Every structure is written in structure tokens, then in C-alpha cells.
Amino acid sequence: MSDKYQKRIAFGYNRGPANQIEIHQAQALVVKLLFEYYTEGFSIRNIAEKLESHGIPSPYNKPKWGTQTIANILSYERYVGDDDYPAIIDRELYDRVQEIRKSYSK
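In this note's numbering, the protein residues as written are 19 to 124.
Honestly, the hints are just simulated from the structure, not real lab data. Possibly wrong hints are sitting among the right ones.
Computed spacing ranges between beta-carbons, pair by pair [said to hold, decoys possible]:
| no. | residue 1 | residue 2 | range |
| --- | --- | --- | --- |
| 1 | 123 | 47 | 24 to 30 Å |
| 2 | 89 | 36 | 28 to 34 Å |
| 3 | 123 | 78 | 24 to 30 Å |
| 4 | 84 | 118 | 18 to 24 Å |
| 5 | 121 | 101 | 29 to 35 Å |
| 6 | 119 | 78 | 19 to 25 Å |
Taking lysine to any residue and the SDA-like style, the derived pairs with C-alpha atoms no more than 20 Å apart in a straight line are [as the list claims (entries may be wrong)]:
| no. | residue 1 | residue 2 |
| --- | --- | --- |
| 7 | 50 | 110 |
| 8 | 120 | 90 |
| 9 | 80 | 51 |
| 10 | 120 | 64 |
| 11 | 82 | 55 |
| 12 | 68 | 78 |
| 13 | 120 | 110 |
| 14 | 50 | 28 |
| 15 | 50 | 66 |
| 16 | 80 | 48 |
| 17 | 80 | 28 |
| 18 | 50 | 32 |
| 19 | 80 | 67 |
| 20 | 68 | 58 |
| 21 | 82 | 48 |
| 22 | 80 | 43 |
| 23 | 82 | 64 |
| 24 | 120 | 98 |
| 25 | 120 | 87 |
| 26 | 80 | 90 |
| 27 | 120 | 92 |
| 28 | 120 | 89 |
| 29 | 80 | 69 |
| 30 | 68 | 90 |
| 31 | 50 | 60 |
| 32 | 50 | 67 |
| 33 | 68 | 47 |
| 34 | 50 | 115 |
| 35 | 120 | 86 |
| 36 | 82 | 53 |
| 37 | 50 | 72 |
Computed from a predicted model, the values in this text were never measured in an experiment. All C-beta atoms, glycine included, are put in the ideal place defined by N, C-alpha and C.
Can you build the whole structure from these sequences, using the hints too?
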């Protein structure tokens, strides 16, 4: 079954007419911020604190951001786009974040 028919879709997207997946502009800005903050050297915990201090709600519409939620977003390759999901970030930014994450796990 194609992902475009899954019940829950990724943060940063919503369903448009004919059930296709579209970019949710406000959430997509948050996704971009997460990736950019991470490449600027912010830790996942620092990113959570920054989002919370600006009053940006989590994907679950809560005031607090979980570090695992941010880690999941940073690892979700679909944000570069595929057959079902339009791109929110470019491949270069995604790859840079993965390299940083890999360097921390060594």
C-alpha cells in the first residue's frame, strides 16, 4: 500500500484534495529550523529548549518537545522528497545532518 494512504503522515505535511500529501507551510518551517539549528551546532536538547522558548508547539501540539521526537525528525529521509512526499529540505542539508549525527555516535 502506498504511504499516501497511511493514517498518520509526517510532521511538516498534511493531506490535500484527492488525499495527496502536501507541505504544511508552518510545520515545514519548523522542520527546516530543526535541521539548520543542528548544523549550526545546537544539541537536540538545545533545539527543544529554543523551540519551547519561542512557543512553537510539538508535532503533538504540546508546549514541550521531546528529544526523541526531534531525533526522529532529523533522521526522516522523506523530508528530501520522494514519490509521495514533496521535499521540505534539500539532500545536502539532510546529508550534512546525518554526517554530524554519525560523528557523535563514534
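Hint check:
no.: 1; hint: 123 with 47: 24 to 30 Å; verdict: holds (28 Å)
no.: 2; hint: 89 with 36: 28 to 34 Å; verdict: holds (33 Å)
no.: 3; hint: 123 with 78: 24 to 30 Å; verdict: holds (26 Å)
no.: 4; hint: 84 with 118: 18 to 24 Å; verdict: holds (20 Å)
no.: 5; hint: 121 with 101: 29 to 35 Å; verdict: holds (31 Å)
no.: 6; hint: 119 with 78: 19 to 25 Å; verdict: holds (23 Å)
no.: 7; hint: 50 with 110; verdict: holds (13 Å)
no.: 8; hint: 120 with 90; verdict: holds (14 Å)
no.: 9; hint: 80 with 51; verdict: holds (18 Å)
no.: 10; hint: 120 with 64; verdict: holds (18 Å)
no.: 11; hint: 82 with 55; verdict: holds (17 Å)
no.: 12; hint: 68 with 78; verdict: holds (17 Å)
no.: 13; hint: 120 with 110; verdict: holds (15 Å)
no.: 14; hint: 50 with 28; verdict: holds (14 Å)
no.: 15; hint: 50 with 66; verdict: holds (14 Å)
no.: 16; hint: 80 with 48; verdict: holds (14 Å)
no.: 17; hint: 80 with 28; verdict: holds (16 Å)
no.: 18; hint: 50 with 32; verdict: holds (16 Å)
no.: 19; hint: 80 with 67; verdict: holds (13 Å)
no.: 20; hint: 68 with 58; verdict: holds (13 Å)
no.: 21; hint: 82 with 48; verdict: holds (14 Å)
no.: 22; hint: 80 with 43; verdict: holds (19 Å)
no.: 23; hint: 82 with 64; verdict: holds (12 Å)
no.: 24; hint: 120 with 98; verdict: holds (18 Å)
no.: 25; hint: 120 with 87; verdict: holds (18 Å)
no.: 26; hint: 80 with 90; verdict: holds (17 Å)
no.: 27; hint: 120 with 92; verdict: holds (12 Å)
no.: 28; hint: 120 with 89; verdict: holds (12 Å)
no.: 29; hint: 80 with 69; verdict: holds (11 Å)
no.: 30; hint: 68 with 90; verdict: holds (17 Å)
no.: 31; hint: 50 with 60; verdict: holds (14 Å)
no.: 32; hint: 50 with 67; verdict: holds (16 Å)
no.: 33; hint: 68 with 47; verdict: holds (14 Å)
no.: 34; hint: 50 with 115; verdict: holds (12 Å)
no.: 35; hint: 120 with 86; verdict: holds (16 Å)
no.: 36; hint: 82 with 53; verdict: holds (18 Å)
no.: 37; hint: 50 with 72; verdict: holds (15 Å)
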